[in-house]
Amino acid sequence: MAVKKFVVGCFEEEDVLFNAVKNVRKAGYKLHDVYTPMPIHGLDTAMGLRDTSLHTAGFVYGITGTTIALSSISWIFVRDWPINIGGKPHLALPAWIPITFEFTVLCAAVGMVLTFCYLCQLAPFVKKHHFHLRATDDKFVMVIECTDKTNDAEASTFLSGLGATEVNVQHAETGWWLGRYDKESKLYADKTETVTA
Amino acid sequence: MASKYESLVRPPLVDGSKNYHQVTEDIVRPIEAPPTRAWWIGFIISVILLLFGVYSIYREVTYGVGQWNLNKTIGWGWDITNFVWWVGIGHAGTLISAILLLFRQGWRTGVNRAAEAMTIFAVMCAGQFPIWHMGRVWMAFFVLPYPNTRGPLWVNFNSPLLWDVFAISTYFTVSLLFWYSGLLPDLASIRDRAKLKWRKHMYGVLSFGWTGSTKHWQRHESLSLVLAGLSTPLVLSVHTIVSFDFATSVIPGWHTTIFPPYFVAGAIFSGFAMVQTLLLVTRKVLKLEDYITIEHIEVMNKVIVLTGSIVGIAYLTELFISWYGINKYENWAFFQNRLNLFSPYGWSYWLMMGCNVISPQIFWFRKMRRNIAVTFFMSVIVNIGMWFERFVIIVTSIYRDYIPSSWATYYRPTIWEVGFYMGTFGLFFTCYFLFSKFFPVIAIAEIKHILKRSGENYKKKMVDVEAKDVEEYFHETQHAHH
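From first to last, the protein sequence lines stand for chains A and B. To convert, note that position 194 of the first sequence is 194 in our numbering; the numbers rise steadily by one, no gaps. To convert, note that position 180 of the second sequence is 180 in our numbering; the numbers rise steadily by one, no gaps.
Hint data in this document are derived by calculation from the structure and do not stem from the laboratory. Some hints could be false.
[Said to hold, decoys possible] Computed list of lysine-lysine pairs in DSS-like fashion (alpha-carbon distance at most 25 Å, straight line):
1. B:Lys328 <-> B:Lys18
2. A:Lys5 <-> B:Lys215
3. B:Lys195 <-> A:Lys127
4. A:Lys127 <-> B:Lys215
5. A:Lys22 <-> A:Lys5
6. B:Lys460 <-> A:Lys22
7. B:Lys287 <-> B:Lys72
8. B:Lys215 <-> A:Lys4
9. A:Lys127 <-> B:Lys197
[What the hints assert, rightly or not] Which stretches of chain A does chain B cover? Using the computed rule of at least three CB atoms under 8 Å from a CB of chain B, they are:
10. 52 to 58
11. 87 to 101
12. 113 to 124
[Stated by the list, open to error] Chain B side only, calculated, beta carbon under 10 Å to chain A, not exhaustive:
13. Leu70
14. Tyr171
15. Lys215
16. Ile447
Even glycine gets a Cβ: it sits at the ideal position worked out from N, Cα and C.
So here's chain B without its partners, still in its complex pose:
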């Protein structure tokens, strides 16, 4: 065998004794088949949501940010909450594809393509919020640094909000390149199988003329590895920089050094939850249970319980520091505005605690980690909890400022704020539905790459090999090579 030996202790990553051709067949089948009724229903609902979002944006642009319920103290309402939430969701994709590639985790191959696509769509949704939050959106190009005709007017390179511009756009670009360069060989597989003219042409254009030449594969692997090496610090930096938006200010509840690691862990936590939500549906609808196995779901649940616990420790650390520290406003923000269940937004803090810290602990039990229904339910709960985390950070820190006379205003979103948020769900799912219809949701070439050492076939063969006597085995291998 040219491939390395992999221990039998590890369960197979591809079930069902496949060969290379079957892998292509299984993954390309949903692309070649006409869309199912379930697909159409989901797609139409997503487009309707998207249109609702477009209309909400239209109203916001026409009538101004006054369409949202932002007031004197709450300058960042739902829109920035949603921004941070969506960026966070976008973190699992690059983590799965890049960090796990560097760590040589074979299980990533089953889920990386869908997770990368999810990242791109989530970042697209995230990017909407700060842009429309500007109000006069036609001035959005002011954030770009370029020599201009408005005098020596430059952007503020010392501002975390500009760091965000660079971080999000770089993250989007690099994720897109990573995703698309990985897609090229698989698109070529679809092209070469295509019977219909338009399909052959479309995938011919999309696959950039990929042939599978050894030299191309060699460069492709080098490219993926370096892009992974670049994306690994990138994924950590993006949410770190998003956390700087808060941490570099002096608002009680935001001005903490724990924010960068805490935000990164939270982002991975919510991102993995979203990957679970999508993949559990995808594997069922597209019949890909052999590739996205229960093992995959279990390892992702392990990541969820790990990151959820890191987030929990961060919450407790914040509480401890606000109690132990000297800043009485910080203490007030935590103990009166958040921890106190009877304060106006106390409910959201406890909702966050319940969803993010307490409930994921169920995944310490193996039975629960491998239970599809529990996993699906928990993935939704975690995403709700992580949304509330951002809501708690933003709203509870700013609704009561230093002037008690402004405390009376209770912030609740208007329908157009909610509509905008729903619209990004529409955008996200519309993109995901189109992706799952026209692109392979599993990296075909990467599955083939691990098939010979992690597939069920190989594992079965190795059981026989392990049962053999050493001398007998030695004799056989000697014989095979001559």
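Looking at chain A on its own, in the form it has when it is part of the complex:
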């Protein structure tokens, strides 16, 4: 994946960040992402992200589970191995409800978590570029992607004006790859130019 240039701004407060996100979008900059230490409700809307369809996927996995459970149990007990258990009917639907329910939940949960990991590209040994190490601690990090038209010095000043306490320019490969955290394999040029806030 190509190495791109980013302007990174650090914010201390959510309220300042919200305002900055709105202004950055209004100014026409290409907002790459915002990294926060905890979920911030409404930030996705402010950034213009569409709502996730993960729950729809979960529903589909669940329905699949129900179908698999019911169809296989009824095939097993009615066609493949119709054994007389205490004179009960072969098609004993009420007795299959617990297993059907459990299997539905199992399929939905496992399917959703795997889908979540796939969509977010999260897995053991996956290494991503971290724009700021304190983005998982107490800083709110806004990243603007530089396009052909973007003047990074101008963007930096713009971010500082919006209340960013720390602004710098980074070159990073934003894709994902397998790597180790203790070994810095130089897959991207690690040029950091700090602009005073």
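Model the placement of chain B on the given structure of chain A, informed by the hints.
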């Protein structure tokens, strides 16, 4: 403020005027510091207990289930008692994390991580019992439904014991996924702070490369919410299904329709008691009193008195039905085998009544709910009582069957049955000690999420705001936004 206003009537959920960075510091500190002497002592004792359990299991596998004192009438002794007890304990975690998440209970954030971990370890312990109870444990895979080479041989989908297999394994898997997906952001916090190479690498692998991107948070929240929605009926179904093991049989004392709700309430009751036991120690040892506050302990005590009373009503209902109903064997099981203090196991029934129904009533008093020593003592008493509940249900219903000639045998466990039980304590506490050393016992991101509206800082600020004149306040807010 972006966050919603929360009433001042509610006490703060995080004490001590923290900011985001301090939250991370406080919770990660015990992970980064070398283990304390208390930790080592506890850990070594747990490992010794675990080894005792392993040896007991080894003997059971080598010499057969004859190592246990199970006899002609008592086919389910300590092992199934312990199974039901451990599964019950495993219920508080998912209840706290899932049901209280759906009900938007802010106080869950302080305790959910430890409770979820406890659930997973408790279910791991529970799962041991039915597996080793099979005797020929190398045949355990027979419980799995798959097309096999032994002719058209399938498992019995109509059997509650197979429902158990599905229920417990699903419960374990979903709880594990719920717990781990919640851990990802916090593990990333530890990774990004790490100075040591091995720690950076280990938490790098464990955190799956979490960055905190907004899109990831959005999906993460959606995932947690749906998993909570799935776990809520799941947690109710698991103990319902465990109760079906008893209720679908025709043994006097087991064959009752009240079992599912009664088992679920009992499970939550004992689960909360175990959470109390663990958290009271954890908050003290790891110095987390600001996050697991006395308010948290009080609300959990309220849940304990509620569920304890539900269990009490269930006991009384059972007695009433056995008296009112037409089944004379049922009547005998309750009034002769249980209620009669002078019957062979009458003592266990009264122990159960005393521990589960009478003693928790102390929590009607606010002073008692907020007393650490009383809470700790009661949490242990409740767990003992709930163990006796399962013992009473199993043993008193089956030690006297329809043939009076077999009544002479009194059941008491052998050392290897006790050893196996002690071994699961070893497993549970070994896991918990490792968890508290290597993982954050409090959900860091979730605490940060509620900090701005439930932290002490915010509450203090709101006192000033509330004291202000309306017009003055209006003027200030207008000014702040322009």
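Hint-by-hint comparison with the structure:
Annotation: proposed proximity of Lys328 of chain B to Lys18 of chain B is violated, straight-line Cα distance about 64 Å (limit 25 Å). For the hint pairing Lys5 of chain A with Lys215 of chain B, the CA-to-CA distance comes to about 20 Å; that is within 25 Å, so the pair holds. The suggested pairing of Lys195 of chain B with Lys127 of chain A holds, with an alpha-carbon distance near 17 Å, which does not exceed 25 Å. A hinted pair counts as satisfied when its Cα atoms are at most 25 Å apart, and Lys127 of chain A with Lys215 of chain B qualifies at roughly 17 Å.
This hinted pair checks out: Lys22 of chain A and Lys5 of chain A have alpha carbons roughly 22 Å apart, not beyond 25 Å. A threshold of 25 Å between alpha carbons decides the hint, and for Lys460 of chain B with Lys22 of chain A the separation of about 30 Å lies outside it, so the pair is violated. This hinted pair does not check out: Lys287 of chain B and Lys72 of chain B have alpha carbons roughly 52 Å apart, beyond 25 Å. Under the criterion of a C-alpha separation no larger than 25 Å, the hint pairing Lys215 of chain B with Lys4 of chain A is consistent with the structure, at around 20 Å.
In summary, the hint linking Lys127 of chain A to Lys197 of chain B is supported, as the alpha carbons are separated by about 15 Å, within the 25 Å threshold. Counting residues of the segment 52 to 58 of chain A whose CB lies closer than 8 Å to any CB of chain B gives 4, so the stated coverage by that chain holds, three being the minimum. Given as covered by chain B, the segment 87 to 101 of chain A passes the check, having 7 residues with a CB less than 8 Å from a CB of that chain where 3 are the minimum. Counting residues of the segment 113 to 124 of chain A whose beta carbon lies closer than 8 Å to any beta carbon of chain B gives 9, which reaches the threshold of three, so the coverage claim holds.
At its closest, the beta carbon of Leu70 of chain B sits 25 Å from a beta carbon of chain A; the interface hint therefore is violated under the 10 Å criterion. With its C-beta approaching chain A no nearer than about 8 Å, Tyr171 of chain B sits inside the 10 Å limit, and its interface hint holds. For the restraint placing Lys215 of chain B at the interface with chain A, the shortest Cβ-Cβ distance is roughly 6 Å, inside the 10 Å limit, so the hint holds. Interface hint at Ile447 of chain B: satisfied, since its Cβ lies 8 Å from the closest Cβ of chain A, which is below the 10 Å cut-off.
When the structure is compared with the earlier hints, violations turn up for hints 1, 6, 7, 13 and for no others.
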